[in-house]
Amino acid sequence: MRAFAHTPFGALSIAILRGFVRDRAALFFAVVFPLMFLVLFGALLSNQDQSEIDMITVGDVPLLEDLPADAREAFETTFEVEESDDLDAALAEVRDGDADVVVEQKGDTLVAHYTQTEQVKAAITQSTLKAYVDGANIAASGQPARFGFAAERVEDESLTTIQFFTPGLLGWAIATSAALGAAATLQGWRQTKLLRRLQLAPVSTGTVVGARVAVTIAIALGQTAIFLGLGAATLGLKLTGSWWMSIPLVVVGTLCFMAIGLLAGAIAKSTEGAVNMANFFVLPMAFLSGSFFPLDATPPWLQRVSDVLPLKHLNEGMLDVLVRGQGPSAALVPLTILAAFAVVVTLLAARLFRWDTA
Amino acid sequence: MTAIAAKGLTKRYGDLTAVDALDLTVAAGEFVGVLGPNGAGKTTLLEMLEGLRKPDAGEVSVLGEPAWPRNRALQPRIGVQLQASAFFERLTAREQIHTFAALYRAPGSAADEWLERVGLVAKADTRVEDLSGGQAQRLSIACALVHDPELVFLDEPTAALDPQARRNLWDLLADINDSGRTVVLTTHHMDEAETLCDRVAIVDHGRLLQHDTPAALVAAHAGGGNLEDVFLALTGREYRA
Ligand SMILES: Nc1ncnc2c1ncn2[C@@H]1O[C@H](COP(=O)(O)OP(=O)(O)OP(=O)(O)O)[C@@H](O)[C@H]1O
Ligand SMILES: [Mg+2]
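Line by line, the protein sequences are chains R and S.
Under the working numbering, residues 1 to 358 are what the first sequence spells out, in order.
Under the working numbering, residues 1001 to 1241 are what the second sequence spells out, in order.
Hints may be right or wrong, so weigh each one.
Some but not every residue of chain R turned toward chain S, in silico, with C-beta under 8 Å [as the list claims (entries may be wrong)]:
1. A5
2. H6
3. A15
4. A25
5. E73
6. K193
7. L200
8. A201
Heads up, incomplete: computed chain S residues facing chain R, CB under 7 Å, no partners named [to be verified]:
9. L1016
10. E1050
11. Q1075
12. R1077
13. V1080
14. L1103
15. D1229
16. L1232
Treat the hints as calculated values from the structure; they're not laboratory data.
We put the beta carbon where it would ideally sit given N, CA and C, even for glycine.
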């Protein structure tokens, strides 16, 4: 450690890191602020999950009426059932949002009608009913059940709000601190002439840039550890198998957003201007990239717009590997897109870069 | 041996010619003061000598090597204090100079030693933002000298210093010069130039008006008096933009 601190790269990295951790505002916006959102969203929206799902059964639905006792119990805690004979009226209720799902049985087929606007409830309904159907199939086969079936609602758990919001808010946090950090450092160093002073020291531009990049990546990994650690410890976050693929995603995502910050720092004429411009890039992008609300429920044109935003790809990749249980390869496409963004924006920033204010 | 040889050095900012076909030679081990009114082109001249700015015309060689394009072999041999204090944000005085020491691969002990030599031990744990103007300037000078450079450029090193610090800095710079280092500084204090400098270069409108020992300049001046009288006679008494 001491030896590292005495190399130009090490000394620069430590100086930058100290500058960051002593900057209360930067620390707040990088860590505390996004965490506040996470806790807030978690608290606000988790109630909605626990509320019962309003189900209307139309006509006879023997499959649900003959549920085994344990399944019956789970069913009753999940659904608030109302009976009806009028399918059209019941469907109208779902459309108006007064009920969540209409269920009817056509012969041996259980049919559920629901809208896509209530993502979580729709998924719970779908998975629960499917589980009952599977259970009934096994029973009908007459074989003694070889495999036990515990009605644990895995789908439900994987879709709790905390699961959804942690990756998106983390993506936003990383994007903000990488972009703002790069923009502020570049402008700040230029304003104080430190950039010029460093030009006269026997350190290469590569060393200076490398130290800044290394510190930003370390900060982003720290943010990730805090988010995932706190989420898992206190908010009920459950990570799925290839969560470790979030590490390369965070690294490449950080490079991408640093490049955006450098671009802002290269264009802007003051530190405040650079920070504001970086925010101007990142905040709307966070909205359009699904950091604050799920994109699935948005109009298709908006989803196409979001395709050109790097944060969307970071968020999608993070969702896939952190909570959706996808394999490591799910991160490859987002990684490639983010890397391409990083290269293009860095080249652009390098073209616009000036060593000093004049 | 010559430490600095500049020939026909020119720098323009748009229509303004800040440094105009200026020739300057500084011998190794010499102590040279660059004098001139505000806007005369002193900082611009120094920045070209340091290799920070590209001259529009002319050539500079420093310690036998071309100063532009920026010369990696030259940088460890030169110490620079810029006119504006250039510091890492939110570091303490000690962290600041240790960082600069590491950038120049100088030992940490040198950093602590220089903190003491510029009288900042009591302020070692103060952040640079909280230093007074003169303290920041002393730290900036220490950062320029921490790697024991052969050639030192100081841009108005005594501008914000109190009389105590100014006299201490004089002693310090005289020491460095006595040990064979070449020093080039700019100043608006004529007494300082007279006391410290082997030769002074008087610059105005980007041109070198005189380059001689203070004593010779005073002796050649018709009205007699001191260096300040010589300076005012050469550069006039009008305010400068
Ligand atoms: N980056 C710049 N862009 C445009 N003009 C500049 C720039 N830097 C300096 N100048 C102009 O060039 C001239 C010389 O400036 P310089 O800083 O070299 O003066 P100086 O002799 O160091 O003055 P001072 O004693 O006030 O420090 C001034 O008229 C100044 O306005
Ligand atoms: Mg100046």
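Status of the hints after comparison with the structure:
no., hint, in the structure
1, A5, "7 Å, holds"
2, H6, "5 Å, holds"
3, A15, "5 Å, holds"
4, A25, "11 Å, violated"
5, E73, "59 Å, violated"
6, K193, "4 Å, holds"
7, L200, "5 Å, holds"
8, A201, "4 Å, holds"
9, L1016, "12 Å, violated"
10, E1050, "6 Å, holds"
11, Q1075, "4 Å, holds"
12, R1077, "9 Å, violated"
13, V1080, "5 Å, holds"
14, L1103, "4 Å, holds"
15, D1229, "35 Å, violated"
16, L1232, "30 Å, violated"
In summary, the structure is inconsistent with hints 4, 5, 9, 12, 15 and 16 from the numbered list given earlier, while agreeing with the others.
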